[in-house]
Amino acid sequence: MARSYEVIGFKSTALHGTGIAMHELSLLENVREILENHALSQNFNKVTQVTLEIGKLSSVEPDALRFGFDVVMKDSLAENAELIISDIAGLGVCRQCGLQFELETSHDPCPHCASPFVKIIQGAEMKIKDLIVI
Amino acid sequence: MCGICGCSQPGKINKLQPVSGRVHQHDHDHDHGHHHHDAERLIKVEQDLLSKNNAYAGQNRTYFQQHNIFTLNLVSSPGAGKTTLLVETIKVLKDRFPIAVIEGDQQTEHDADRIRATGVPALQINTGRACHLDAHGIGHAIQELGVQANSLLAIENVGNLVCPSSFDLGEAHKVVVLSVTEGDDKPLKYPDMFHAADLMIINKTDLLPYVDFDVERCINYARQVNPDIQIIQLSSTKGDNFSAWTDWLAGHVKLEA
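Which chain is which? The protein sequence lines are Z and Y, in order. If you count by the numbering used here, then the first sequence holds residues 1 to 134, one letter each, in order. If you count by the numbering used here, then the second sequence holds residues 1 to 257, one letter each, in order.
Next up, chain Z with everything else stripped away, as it sits in the complex:
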């Protein structure tokens, strides 16, 4: 028999019938859950602003986050909250020559020695930075 485990992020009833399916929704559902946990531990019951830090090399599309934010936060303590997305630049270190340089994509070669072996040291992150709460 097939199992239908709830995939994190696909619980929002508001999404039923919309045909929206993207991993950004899973991430937004995590945002909502993290807010709810903080509401318990830090005594607040409304969130008016959420600031996310999204690395340029993460697989997250900021527009998709903005698109899904209001839908996922509806009927939660962050309903009508403002979403601020702050971009984090990509940074890599060449594994051959050690040069540190800015990455536009996760697979930019080293601009000094042209090696494709580059270690990403910044820009893959996607996290909640802070909240403004009441």
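Just so you know, the hints here were simulated from the structure itself, not pulled from any lab data. Even for Gly, the Cβ is constructed at its ideal location relative to N, Cα and C. Keep in mind that a hint or two might mislead.
[Unchecked claim] For each label pair, taking beta carbons as the anchor points, the in silico distance ranges come out as:
| no. | chain 1 | residue 1 | chain 2 | residue 2 | range |
| --- | --- | --- | --- | --- | --- |
| 1 | Y | THR118 | Z | ILE84 | 48 to 54 Å |
| 2 | Y | ALA250 | Z | ALA114 | 34 to 40 Å |
| 3 | Z | HIS112 | Y | GLY79 | 37 to 43 Å |
| 4 | Z | ILE134 | Y | GLU144 | 39 to 45 Å |
| 5 | Y | ASP240 | Z | PHE117 | 45 to 51 Å |
| 6 | Y | ASN54 | Z | ASP63 | 31 to 37 Å |
| 7 | Z | ASN45 | Y | GLY58 | 30 to 36 Å |
| 8 | Z | PHE101 | Y | GLU144 | 43 to 49 Å |
[Unchecked claim] Which chain Z residues stay away from chain Y? Per the calculated CB distances, all over 12 Å, these:
| no. | residue |
| --- | --- |
| 9 | MET22 |
| 10 | VAL47 |
| 11 | GLU53 |
| 12 | ASP63 |
| 13 | ARG66 |
| 14 | PHE67 |
| 15 | ASP87 |
| 16 | LEU91 |
| 17 | CYS97 |
| 18 | GLY98 |
| 19 | GLN100 |
| 20 | PHE101 |
| 21 | PRO109 |
| 22 | PRO111 |
| 23 | GLU125 |
| 24 | ILE132 |
Given chain Z, work out where chain Y should sit, using these hints.
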């Protein structure tokens, strides 16, 4: 209750309700531009959006290591041949060590049925509208399947070259399957997935005479986005070079006495 994560599924997870009895504090400067409320305050969170999935993935990985289960997360576009690859793999290897399969699809039990017809246990997860498997569902599935120690566990993810790349399931390796009936530039079009994979299988090589697919160009593109990626070319249905893959697998499944 689930032995790994302790949640109460398959029942719904209870939603936390907003707490009453708020604390009024005012200990920060308001230099932002929105409407000012008396009780507003800033709370530092600094928490990864994938922290929940990653925590479950960590638990799964520990379980796999403790029980010596070699776990693969197979990803591809729909129709690249993941299920046929698994069926043919099971036929070759099932007498050498135990194999179990977790199938992820939005709907239907078809793939799990195909796996079960080979005689190995399979569990189908239907993700509904979701476009990927996550580590939480895998934790439940391995409990329910009763995956044996010293075995191979293959997780066939939802056919999608985008979303599954972000979700660690606790696997040892992601294996991306690309068939020659797709474009040879897929690694450049979907770089996150090819960057995340440790092995690329170029499948359906028996069809190369009939399609416009440049294997060398495809390999170059894949190495451009992931210089460490290993590559095996094969045909699951005709068996061409299939032993390269089954040898790779057998070399990774360590049977403990």
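Whether the CB-CB distance between PHE101/Z and GLU144/Y falls inside 43 to 49 Å: holds (47 Å)
Beta-carbon spacing of ASP240/Y to PHE117/Z - inside the hinted bounds 45 to 51 Å or not: At 31 Å between Cβs, range violated.
Assertion that PHE67/Z lies outside the chain Y interface [Cβ separation over 12 Å]: The assertion about PHE67/Z holds, with a minimum of 15 Å to chain Y.
Verdict on PRO109/Z as a residue remote from chain Y, using beta-carbon distances over 12 Å: violated (8 Å)
Interface-negative label, ASP87/Z against chain Y, beta-carbon threshold 12 Å: It holds; ASP87/Z is separated from chain Y by about 15 Å at its closest Cβ, greater than 12 Å.
Satisfaction of the hinted span 30 to 36 Å by the C-beta atoms belonging to ASN45/Z and GLY58/Y: With Cβ atoms ~31 Å apart, the hint holds.
Reported absence of GLU125/Z from the contact zone with chain Y (all CB gaps over 12 Å): Contrary to the label, GLU125/Z does not stay out of reach of chain Y, its closest Cβ about 7 Å off (not over 12 Å).
Supplied distance hint 39 to 45 Å, evaluated on CB atoms of ILE134/Z and GLU144/Y: This hint holds: roughly 43 Å between Cβ atoms.
Closest CB of chain Y to the CB of MET22/Z still more than 12 Å away: Given a closest Cβ separation of 6 Å, the condition is violated.
Check on CYS97/Z being off the interface with chain Y, judged by Cβ distance over 12 Å: Non-interface label on CYS97/Z holds, nearest chain Y Cβ at 15 Å vs cutoff 12 Å.
Given as non-interface: ILE132/Z, which should sit over 12 Å from chain Y by C-beta: Nearest chain Y Cβ is 6 Å from ILE132/Z, so the label is violated.
Distance restraint hint 48 to 54 Å, applied to the beta-carbon atoms of THR118/Y and ILE84/Z: holds (52 Å)
Hints 5, 6, 9, 10, 11, 21, 23, 24, counting from the list given before, are not met by this structure.
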